[in-house]
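Number of protein chains: 2
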Amino acid sequence: MSTASDSNDREEGLKFQPKFDASGLVTCVATDAGTGEVLMVAHMNAEALRKTIESGDAWYFSRSRNVLWRKGETSGHTQRVVEMRLDCDQDAVWIKVEQTGAACHTGRRSCFYRAVDNGESGAALSFVD
Amino acid sequence: MSTASDSNDREEGLKFQPKFDASGLVTCVATDAGTGEVLMVAHMNAEALRKTIESGDAWYFSRSRNVLWRKGETSGHTQRVVEMRLDCDQDAVWIKVEQTGAACHTGRRSCFYRAVDNGESGAALSFVD
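Residue numbers (our numbering), protein chains in the order written: chain A, 1 to 129; chain B, 1001 to 1129.
These are calculated hints, taken from the structure and not from any lab test. All C-beta atoms, glycine included, are put in the ideal place defined by N, C-alpha and C. Just so you know, not all the hints are guaranteed correct.
[As the list claims (entries may be wrong)] Straight-line C-alpha distance at most 27 Å; calculated DSS-like pairs for lysine-lysine:
id	chain 1	residue 1	chain 2	residue 2
1	A	K19	B	K1019
2	B	K1015	A	K19
3	A	K15	A	K96
4	B	K1096	B	K1019
5	B	K1051	B	K1019
6	B	K1096	A	K96
7	A	K96	B	K1051
8	A	K51	A	K15
9	B	K1096	B	K1015
[What the hints assert, rightly or not] Chain A is faced by these chain B residues, among others (derived, beta-carbon under 7 Å):
id	residue
10	C1088
11	W1094
12	A1115
One chain only, chain A, in its complex shape (with noise of 0.2 Å):
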């Protein structure tokens, strides 16, 4: 059971407790170190998380494969992290990173290479790469 204590000990503590969702995931945010430009969104396992923390690349899980994956192990667009960061709930984190070559599959260097505006039929995207 969660309680009151567990969440306070969990935000304003100092113990790592990621706290997994129903597929085992927390989220993570993977942002240029040096442009500070988010380049990715993906999801890290309790063995992504602690082959990234140990390592110092980024290790991410697929939800779509359902495989443990290294970043860049087929592309060579590694990602090293320069820090990881912990939210205040411990279910998402945010690595800056120095991104070898683009990170989207697509081959841009950022996934979020579409804006979205308010058109005058609902959303309508535009591209900014």
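We have chain A already, so just place chain B on it with the hints.
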């Protein structure tokens, strides 16, 4: 059924077709439009997305409280959206915001107020704010 053609359209097209998860949500990363700092990670359902796009104020869906809420509606700590981006597979959004006051419910500017380092006996946290 999801096809390769659907996937290509979603990734390379300009049609807004967010990919909601089984709970009807997409992930949202909010960064400070001035500093680039990641302020928080939260979720939006279709209605929160629509309201955010139409109003320019950040709306979220709280998984713990199971309600739609406008950021700052009780605290006054609103987020004015300067730019919204959508990622490749349209299941994550990035908003650059002008944050009034604290983004975090703990009163801190950002939810990411602790760093994670590789300590001698596993992950070690430290406060950065």
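Inset, instruction - Return the numbers of the hints above that this structure violates; sort them in rising order. - result: 2, 7
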